[in-house]
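*Asks:* Listed below, chain by chain, are the residues.
2 protein chains.
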Amino acid sequence: MKPGNIFSEIPNLAKDEIFETLLKTHRFELERIISSGQATPSGQWYDQPTDEWVILLKGSAGLIFEGEKEVMVLHPGDYVHISAHQRHRVEWTDGEGKTVWLALHYSGSDKMPRSRE
Amino acid sequence: MKPGNIFSEIPNLAKDEIFETLLKTHRFELERIISSGQATPSGQWYDQPTDEWVILLKGSAGLIFEGEKEVMVLHPGDYVHISAHQRHRVEWTDGEGKTVWLALHYSGSDKMPRSRE
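First to last, the sequence lines map onto chains A and B. Start counting the first sequence at 1; every next residue gets the next number (this note's numbering). Start counting the second sequence at 1001; every next residue gets the next number (this note's numbering).
Only chain A is shown next, with the shape it has when bound in the complex (with noise of 0.2 Å):
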């Protein structure tokens, strides 16, 4: 029995970012995302469906969240919860390096009344 590894496996070609399950059941799915300086294209939001709670674990990003000034820069170990339906951009990832992040999507409906978000 041996472990993965999430920086394991890492094409050094990529040109658009490389989105791989990890692990999914009826109630979530967890991914792995890797970037390599792309960024959502401009005037584009991402609108999703589900609740996000992600991690960067290698590399920067800059969020931005609709209705908010600044952008959010993210490194190694910065996590962040995403609500279904929050607009939010990613402005930026590392230009020289990969960007590893580690989602974790769910539905918020299974929320529980009082959880620590």
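Note that these hints are calculated values from the structure, not bench results. Keep in mind that a hint or two might mislead.
Partner residues are not named here, just some residues of chain A that face chain B (Cβ under 7 Å, in silico) [said to hold, decoys possible]:
1) 5
2) 27
3) 53
4) 74
5) 78
6) 80
7) 110
The structure presented is a predicted model; accordingly, all values stated were derived computationally and were not measured. Note that beta-carbon positions come from the ideal geometry of N, C-alpha and C, so glycine has one too.
Keeping the supplied structure of chain A fixed, place chain B upon it in accordance with the hints.
*Replies:* Below, chain B alone, put in the same frame as chain A:
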């Protein structure tokens, strides 16, 4: 809006392991665990009612699963899936610094027939 950081607010002195819930729903619990050289007491095993996906993000650790001869050594980025009732022990964690884990506990009954794990 500011991100949290998985490596922040780690107390210097800790006799015991520290378990903190980062996100909890009716279906899963996401937890930060900080070890400071602790191991599972001799002769004891973890036998958990839930499935667990766990990633080591800082430090190092040795895991052993019942019936396996070799200790699985985990370094940053290494992750492993531990099924409910799969008895295991933490043989050791880094004695010089902190070991930071991110663990996702969930009900195995939520598993999809063809889930990748």
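*Asks:* Compare the structure with the hints numbered earlier in the document and write down the numbers of the violated ones, lowest to highest.
*Replies:* none
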